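Chemist: Hey, can you work out the whole structure from these sequences and the hints?
2 protein chains.
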Amino acid sequence: MPAPAQDPPAEAQALEQVLRGEIPLTTAIGLRVESYDGSELVLYAPEEPNRNHKRTAFGGSLYSLAVLAGWGMLWLKLREAGEHGHIVVQTSHADYREPVAGDLRARVEEEDLGNLDKFLDTYRRRGRARIRVEVGIDGKGGRAMDFHGRYVVHR
Amino acid sequence: MPAPAQDPPAEAQALEQVLRGEIPLTTAIGLRVESYDGSELVLYAPEEPNRNHKRTAFGGSLYSLAVLAGWGMLWLKLREAGEHGHIVVQTSHADYREPVAGDLRARVEEEDLGNLDKFLDTYRRRGRARIRVEVGIDGKGGRAMDFHGRYVVHR
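Those protein sequences? They're chains A and Y, same order as listed. Using the working numbering, count along the first sequence one by one with no gaps and you end on 155. Using the working numbering, count along the second sequence one by one with no gaps and you end on 155.
If you're looking for bench data, these hints aren't it; they were derived computationally from the structure. Be aware that a few hints might be false.
Calculated cross-link-like contacts (lysine-lysine; reagent style PhoX-like; alpha-carbon spacing at most 25 Å) [unchecked claim]:
#: 1; chain 1: Y; residue 1: K118; chain 2: Y; residue 2: K54
#: 2; chain 1: A; residue 1: K54; chain 2: A; residue 2: K140
#: 3; chain 1: Y; residue 1: K77; chain 2: A; residue 2: K54
#: 4; chain 1: A; residue 1: K118; chain 2: A; residue 2: K77
#: 5; chain 1: Y; residue 1: K77; chain 2: Y; residue 2: K118
#: 6; chain 1: Y; residue 1: K54; chain 2: A; residue 2: K77
Note that the structure is predicted; figures quoted are calculated from it, not measured.
Modeler: As structure tokens, this is what we get:
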């Protein structure tokens with residue numbers, strides 16, 4: 001049985017507490033859950049702690065924000081389905097299309113997940129399931145970084 | 001003309017200064033250049049600031065250490081060849097094979113680079129060249145993470 005629907009901003013706040021409470025590096029990165037409306041999640045990090053020597057974003061910071069956006073979207077979707085589990089990234093691919101100047105924002109939409117219904121069904125039956133998540137980071141000229149991650153969730 | 005050979009430990013120290021001076025997040029990660037002997041580079045980061053909620057290493061920290069190890073190896077090899085340039089990661093693939101408990105070490109050997117001679121030749125002729133770098137992070141049961149990055153160097 002799905003849990004009762006939660007207020008998306010409250011869910012965003014809960015996710016931020018989990019991420020900042022359990023992964024110390026998120027504090028160094030300055031991570032915030034900027035928004036979640038039930039179908040789109042945006043993670044934010046300020047420019048300064050994440051810059052490189054060229055005053056654009058460090059590739060490791062962009063990646064960290066993206067991998068956490070994918071993790072966060074799965075955490076939210078599991079919670080909305082009345083489930084929970086250990087979420088682990090298995091493989092990832094990152095494509096740096098252009099440098100990112102200024103603050104960082106990683107964006108993931110529900111439609112950027114693999115088949116969520118099938119994933120939840122498999123998870124309920126087997127206690128373990130995999131799903132692919134696509135995350136984007138926007139730059140001034142459009143999409144600056146594409147991230148694809150495959151995550152496994154297990155009880 | 002290649003520059004005179006440098007003392008590898010002095011080169012390691014120079015690389016650490018560059019990484020820590022120019023990318024603030026390396027301080028949060030606690031990055032150190034643990035060793036460089038002219039053919040193998042090892043970057044180190046302590047467990048505590050890089051752990052996740054399961055007290056194993058956060059995937060973003062593992063990735064950051066790996067992408068910097070690839071960057072660092074290219075920086076060293078360019079310097080040894082009497083060259084310098086802007087080194088940028090273009091694409092990457094990470095395969096998390098098992099969790100990493102304890103401190104983090106990313107290892108790259110000269111043989112894990114694509115064709116270095118061809119890369120340097122192209123760079124000298126065109127002022128721009130690409131090269132693939134493989135980096136590994138070891139865990140208790142062997143290789144814990146494989147990283148493949150494609151980097152571009154330009155003047």
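Chemist: Now look at each hint and say whether the structure bears it out.
Modeler: Here is how each hint holds up against the structure:
1. Y:K118 to Y:K54: It is violated: about 44 Å lies between the C-alpha atoms, which goes past 25 Å.
2. A:K54 to A:K140: holds, 16 Å
3. Y:K77 to A:K54: Distance of about 21 Å is within 25 Å: holds.
4. A:K118 to A:K77: Holds, at roughly 13 Å.
5. Y:K77 to Y:K118: Status holds; Cα separation ~13 Å.
6. Y:K54 to A:K77: holds, 21 Å
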